[in-house]
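A.B. asks: Spelled out from the first residue to the last, the chains are:
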Amino acid sequence: MALILVVEDEYSIAEVLEAVLADAGHEVVTAMNGRQGLERLRDRRPALILLDFMMPIMGGPAMLEAMKADPVHRDVPVVVMSSLPESAVAKAAKSQYAAFLRKPFKIKAVVELVNAVLDQHA
Amino acid sequence: MDDGPAGRPQLERIPTGVPGLDAILSGGLLRGGLFIIEGSPGAGKTILGNQICFRHVANGGRALYVTLLAENHARMLLHIGQLGFFEETVIPDRLYYISAFRVLEEDGLAGVLQLLRREIQAHDAGVLVLDGFAAIEDAAASIREFKKFIHQLQAHAAIANCTMLLLSGAKPVSAEHTLVDGVIELQTKLYGRRAERSLQVHKLRGSGYMRGEHSFRITGGGIAVYPRTEALLASPSTVDRVTGPPTATGLTQLDRIMGGGFPHRSTALLVGPPGIGKTTLGLHFLSQCDEENRGLHFGFYETPAAISDKARALGLPVERLIAQGHVEIIWQPTAEGLLDEVCHRLIETVRRRGIRRLFIDGLQGFERLATDQERLKHIFSAFSNEFRGRDVSTLYTSEADLIGPMAGLPLSGLSLQGVSCIAEIILVTRYVELRSELHRMISVLKVRDLEINSALHRFTITNHGIVIEPDSNSAEKNSGASDTSGWKSGLEGGSGRPS
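Heads up: the protein sequence lines correspond to chains A and B, in order.
Under the numbering used here, the residue at position 101 of the first sequence is numbered 101, and the numbers go up by one with no gaps.
Under the numbering used here, the residue at position 87 of the second sequence is numbered 87, and the numbers go up by one with no gaps.
Bound-form chain B, shown alone (with noise of 0.2 Å):
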C-alpha cells in the first residue's frame, strides 16, 4: 500500500489486462482483495480467470490457479491454448494449476485453507484463482463455517498481497456477496435468436465503477470487454477554444445557404430517402480533408471498394485522400455487431488518427446493432460532447421516406434516436414527383441560433458531384404551389441522374 498526496494509504491495484475492463473497475483489482467472479455454465470464467493470470504474469507477476470441481487441467490448457493470450512456456514456473478436490474430500475446508496458504506463499502467487468454488459451500457444514471460510481466506488474501478470484455459478446474493471486495457476473442473453454476452460489476470496494451491463465478445484473443459507451464518456474531451470558423460542407452553394458552412465543431444531420445522394453529400464533407483535417467515413452499408467507386465516378478526390492517408474509410456490417464494440470502434478511431471531419453512414447501422433502443439518444448525445471537444465536426445520414411537398413531420421519428435535439444543423433531402418523374430536394431546416434560409433547393447529382441550383424558384415551381406553366424550364435546366 502506497501513501498517497494526503499521507493517507492508497489503495494498491492490479490491472486486470482485460481490454476494456480494467476502464470499468477503474483501474483494476485491488491488490490483496478477493473477488467473486460468477456466471452460468459456458459464460466465460474460466477464461476470465486464465486470462487474468496470464496478463499478470506477463507484467512480471506469478500466479496460482486452483480448481475443485472443474474443467480437469489438460482439457482446460487445451481449451485456452486456443487463445491469443495462452503462453505455455510460463508453466509451471510462474503460473501453476493444481487441484484442491481431494484435498477437500479429505481434510474439508480446514485442509483447503492451509493448501492455499503454503501454495500462495511457495509460488510467491500475486494473483491467485479458486475455479469450482461452489464445491465449498457444498462442502461446508454451516453457513457459519463457509462465511468462516471466505474471512479466513480474506484474511489471507490481505497479508499475503494476494489478489483472488472466486470462480463460481450465478446465485442470487447471498452471505459470500456481502463478505468480499467485488463481485463480477458474466451472462448470457437472448435477444430473438441473437445472444449477446455482458459483463456487470455487482460490487467493489475502495472505489467507484462503471454500473450496469457491458458487452463483451470471446474472440481469438481472449475477452475483450466494451464498457458501455455513454458511461464511457462520461467525462467527455473538454474544447480549448469555443467558437471558430464554420467548417465547409464542401459544396459551395450549400455553405452560401448555411452562412458559410456547418457551425465550427457541429454536429449535422442529413435526412432523406434512399437513393437520393446522402453518401454522395458525405463524400464531398471528406473531400475537403488534407493534413490537418483528418476525415473518417464510418459507415454500415458500402465497402470501402464501394466508396472508392462511387467517389471516382463521382470525380472527387477522395481516393487520392485515402492513399495520402488523409481519409479512413471503416465499413462495419451489422449481422452479428455489438453496439458498444461498434462505438468503441468509432471513438478509438476518432482519438488515434485525430479525426476532424466525421461521416456517419447512417444511423439506421446504431438501431439494428441496439437491444435497448432507449440507449441510443445518450450514446449519440456521449458522441456529440466528445466529439465537439475533440475539434471534430460531425455528419450523420438518416434515412426517411420523404416524398411529398411538406417537411418537418416526417422527422418526428428521429427524435426516438435521439439525434434530431443534439444536432445543430437539420438538412432534409426529399424528392418532389413532376409528370412521373422525381426530383431531388435539398432545404436546411435547422442551424441552431442562426437565422437560415429554409427554402428548398433543387440539386443534382453529376459527374462531378452534387450541383445545387442557387435559387428555390425551380422548387417552387416542382412543389406546385406556383404557376405550372414556368417550372417545366427550370427543371429541364438540371442534369440529373439517379445516384
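Same shape as in the complex, but just chain A (with noise of 0.2 Å):
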C-alpha cells in the first residue's frame, strides 16, 4: 500500500481514480491544481503524483517544476496524464517525469503503471 497524490482538475477523473486506486489498496489523497497539490505535499510525501497536464491556477508542468526544485519532494515519481500526445507535453515540461499516460486511459492500464512505477522507485 503507498500513498498517492492525484491532481487533476476535472471531478469524474479525480473521483473514478481515487476509487480504483484505493481498491488496488493504496491510499489517495486528492488536489484540483498544481498550487493546490504542492500544499498537499507541505502536508505528507506521497509515493508517487498522478498529475494532469492542463490545470486552472497552476497546470501540471509548473507545479512539477516546482516540485523539482525542492529537495524534500524532488525524488517523487511523477506520472503525467494528458489528452494531448506526450510530445507536447515533453515539449512544456522542463523537468522529468518518471511515465506518461494519455487520456482517456483504461483502468486496468493506470493501475498496472502505478504499480510498476511504485516497484521501480521501491
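Worth flagging that the hints you see were computed from the coordinates, not collected in a lab.
Ideal placement from N, C-alpha and C gives every residue a C-beta, glycine not left out.
Some hints here could point you the wrong way.
[Claimed, not checked] Now the in silico label distances, taken between C-beta atoms and shown as ranges: (1) A:120 - B:195: 51 to 57 Å; (2) A:90 - B:374: 23 to 29 Å; (3) B:191 - A:90: 46 to 52 Å; (4) A:39 - B:192: 56 to 62 Å.
[What the hints assert, rightly or not] Straight-line C-alpha distance at most 20 Å; calculated EDC-like pairs for lysine to aspartate or glutamate: (5) A:91 - B:71; (6) A:103 - B:71; (7) A:103 - B:88.
Once you've looked at the hints, go ahead and assemble the two chains, each given alone in its own frame, into the complex.
C.D. replies: Printed below as a string of C-alpha cells:
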C-alpha cells in the first residue's frame, strides 16, 4: 500500500482514479490544481504523484518544476496524464517525469502503470 | 473599440469563422460580449464552442475552454479531433482546457468567477467557452445570486475584452436571456422520419441579424450553417444595364416565335410531362455558351455522365463546352439534402463562375427538399432578382402531366411553386395523342410585356436535337379541331423519336 497524490481538475477523473487506486490497495489524496498539489505535499510525502497536464491556477508543468526545485520532493516519481500526445507534454515540461499516461485511459492500464512505477522507485 | 466615421465608437466583432454563421450575425460576435448557446443534448453546442475557439486561434487569438458538468476533456478532444477544424498543436499554448466543476463544488459561484478572471488573464484569452453552464444555475442559492454571477461575468468580459460563450441546455426565456448580449439556439427537428438541424439567433445586441431558423450540418469539417436563402438574398445584386439584346434559346424556330429569344436577363419556365424533351431543350440553351457567356446545368435527376451522354447522342456540343470550361454540370441528389444548402451551392456557383446561362432541371427537386413549401415562392423570387442582377438568363423546368388539347389549366399547381408568377416566359410542352401515337407540342404561353404567337407547334427530337415545325398547321390538325384528312400528312413529315 502506498500514498498516491492525484492532481486533477476534472471531477469525474479524479473520482474514478481515487476509487480505482483505493480498490488496488493504495491510499489516495487529491488536489484540483498544481498549487493545491504543492500544499498537499507539505502535509505528507506521497510515494507517487499522478499529475494532470492542463489545470487552472497552476498547470502540471509548473507544479512539476516547483516540486523538482524542492529537495524534499524532487525524488517523488511523477506520472503525467494528458489528452495530448506525450510530445506536447515533453515540450512544455522542463523537468523530468517518470512516466506518461495518455487520456482517455483504461483502468487496468492505470493500475499497472502506477504499480510498475512504484516498484521501480521502491 | 474603434472610432467610426462619425467619431462614435464602433462595436468590434470577432468572426466565428463558422461557415454561414457570420453572415447571420452581421459579421460575428461582439468582442467582449457575453452570449448563450443553447440546445438539447446532441444539438452541436460543444462542437460549435470548440470550432469558434479553434477559428479564433487560427486567426492569431488565444482561447480558453472551461467545462463544468460536461463531457471530460479526453473524450471531448477524441470526438472533436475527428473534425477538420481541430489542430492539436495549438493546445495548450494557444488553446487551454480546464475544468471548473471542483471549484464550483468547493468555492461556489464566487470561486468560479475568480477562477475565470484569473485564467482569462493568465492565458490572455480573447474567447472563453463555459461548457455545462446549467451547473452554475443549479449551484446558485437564489435567482438573484445567479443573475449577479451573469452580471459580474458580463462586466469582466467587457473589461477583459474577452468574448464569452455559455453553453447551456434548451430552456424557455429566463433571467439569463435578458442579461446577455446574444442568444443562439441549436435544434434538431423531425420531418417525417428525416431529421434536420437548425440554428436560430434569438437576440443580438448592437446590430441586426438574420432572423428565423437557418439549417446547419455537422460535417467532417465541423459545423456549416446555411442562412435562409430568401434572407441572404434580401438585398440582391443590382443590374448595371436595364435592357439588352434577347438571349438566344439555342433553337432558331423558338427564337422566331418569341421575337428573337428570351428577353434579356429573364426567367423562363418550361413545363411539360416526363420524357417530352425538357432537358434536351435545356441542353440547346446551354449549347450557346462561350467564354463570355458561361453556363450551368443544375439538375436533380441526371448525373453529369448521363447529361454528357444525352448531349452527345443529340449532337449538341455540351461535352466540348464542359472541357473548355464554358459549361459546368452540377448534380444534386435530393435524398438527404438541405434546401438552403442546395440553394447556397447554386448561388455560390453562379457567383464564382460568372454564370450567364442557368438551366435548372427542375423545380420538383426543390419541392422534395423543402420542409416548408411556403418558402419556395420567396426563394424563387429572391433567385429571380439575384440572377437578373447578375446578368443571368435562367431557364427552369417543371413537370406537369399535360396530355390533351387544352393549355392553361394544368399550370394552376405551379402558382404554389411561386415560379409562374415571377417567370417572364412560360413555355408549355405537351403530348397530343393521335391514332395510338403521341406527338410533342410546344407553345409559348406567356412572354411578359410582349405580344406573342401562342400557337401550338409540333416538335420532334432528332439526332441533331429538337426540331420545331415552323407553322402551327400540323398542330391544329393534331388537336383534332380541323379536318382529320390533312393532319396525317402533317404528322408524317416529322421524324420523331422518344427522348
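A.B. asks: State for each hint whether it applies.
C.D. replies: Against the structure, the hints:
For residue 120 (chain A) and residue 195 (chain B), the hinted distance range of 51 to 57 Å is satisfied, since their beta carbons lie about 53 Å from each other. A C-beta distance of roughly 60 Å is found between residue 90 (chain A) and residue 374 (chain B), which places it outside the suggested range of 23 to 29 Å. Between residue 191 (chain B) and residue 90 (chain A) the Cβ separation comes to about 51 Å, which falls inside the hinted range of 46 to 52 Å. The hint said 56 to 62 Å for the Cβ distance between residue 39 (chain A) and residue 192 (chain B), and at roughly 59 Å that hint holds.
A C-alpha spacing of about 26 Å is found between residue 91 (chain A) and residue 71 (chain B), which places the hinted pair above 20 Å, so the restraint is violated. Pair hint residue 103 (chain A) plus residue 71 (chain B) holds up; C-alpha atoms about 13 Å apart against a cutoff of 20 Å. Only pairs whose Cα atoms come within 20 Å are accepted, and residue 103 (chain A) paired with residue 88 (chain B) is accepted, the gap being roughly 14 Å.
Hints 2 and 5 from the list above are not met by this structure, while the remaining hints are.
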